[in-house]
Amino acid sequence: MPGFESLILGEKTAVVFDIGSVYTKCGFAGETGPRFIFPTEITQPNGQVKHFLSLKTAKEKRKFLTVFLHQLYYRHLLVNPKDRRVVVVESILCTTEFRELLADVLYNHFEVTAFYRAIPSALFAPAHLVTLFTLGLSSGLVLDCGYKEAVVVPVSEGYTLLNAWQAAQLGSETVYANMKSLLHRDALLVEEHGQTCALAEQPDTETMLTREVLEDLVARTCFVSPSQRAEQWDRWSSAQLNTTDDDEVAEPKVAEEHFVYPLNNLQVNKRLQVPSRLRELAVECLFRGDNDRITLASLLLKSFITCPVDIRRTLAANIILIGGTVNIPGFASRLLEELDSFLEWDEFSNLRALKGTFRIHQPPAEPNYVAWLGGAIFGALECLPGRSLERSVYLEKKTLPDWTSVIDTNPCESAQRPEFILDACGWELVADKR
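Under the numbering used here, think of the first position of the sequence shown as 24, with each following residue one higher.
Take the hints with a grain of salt, since some may be wrong.
To be verified - Below are the DSS-like pairs computed for lysine-lysine, each with C-alpha atoms no more than 27 Å apart in a straight line: (1) Lys-203 to Lys-171; (2) Lys-82 to Lys-421; (3) Lys-421 to Lys-84; (4) Lys-276 to Lys-203; (5) Lys-73 to Lys-171; (6) Lys-84 to Lys-171; (7) Lys-171 to Lys-86; (8) Lys-79 to Lys-293; (9) Lys-79 to Lys-276; (10) Lys-79 to Lys-35; (11) Lys-325 to Lys-171; (12) Lys-73 to Lys-84.
FYI, nobody ran anything at the bench for these hints, they're computed from the structure.
When you get a sec, could you build the whole thing from the sequences and use the hints?
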């Protein structure tokens, strides 16, 4: 328990939270998992639910963060924010506006003593460490596949290779949009009395196919097919579009022709009759890409090409997948197949020596909160106070430092510990500073 540990160690355990676009993870440093994982939303007094993604202005976002963090501290964690340090795990694509708003709410409204920012996708220091801490690695390639986008960043000996990061809008949002279009095209709506009609003919499909419904449908039913079966679906789909082709292509076999999904968000008893092939086709958008042929595999390989030649094999053997989208069954095995397959492209001919060397680590936690776990590990280290931004410093400068320019702020204290400590650009041996 955090309270019991504070009596022994003399300092209360730091609070760790990861505010995502859709879900927020919160808990205490030194624990093996977050205490709570809940939607990033608030319920207003009139009963209306407000999502963070729907906010546009800075005033709305600040009001949202004030109410949301109040619930986080006083309803979920049951702690006083004035008594504890904070470790915030943030996305590398998080805007400066959001960072400044978050700091303003924490320091001025909740009056936290200090807080530390850690980035899961390893772009800025100490980004790489919050993920690599969970595996005890100093080198690796981190793929963060979340709701909005997929971000790839390589790390070598604790140093983030900022020139080799890659990003694309290949996250859960893309999968949900693809599933929605497939449902409009192929799904049937089963009425209360058993009558069926095409879903596309219904005028209120937007209220039926909400983000929550699509998320639940993908999480419960979808999986990633192996490359060979995906190619069979591609040939079948092409044959369906090309009606002049004399050669008939058989549809790949499925266990059941369709399945029924209840629409529990509606007041009436309606169900969706969904073709089983959609369970596989919905996720193919992550591996088939768009007109620019940007896929998850191509993102990783483009990052490899930008990295120095002598570290590519080490990075290939230490790939780490994080983010909620990675939870889809078959994701990791399909990605390995795609990596070896894409090496045949002329664009990636310089990487063909890596064929068969790609390895994906299994983190000691679910992919959707591996980054939080890394922040919790770092929050339990003795160097946390020296790496935190104190409230007095923030109130004086009214801005957050760029972590690419942060240096060791406690050289005297650090010189007493001949060990590796966290520096802004990576690992740094304190003994070398003496």
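Violations among the numbered hints: 8, 9 and 10
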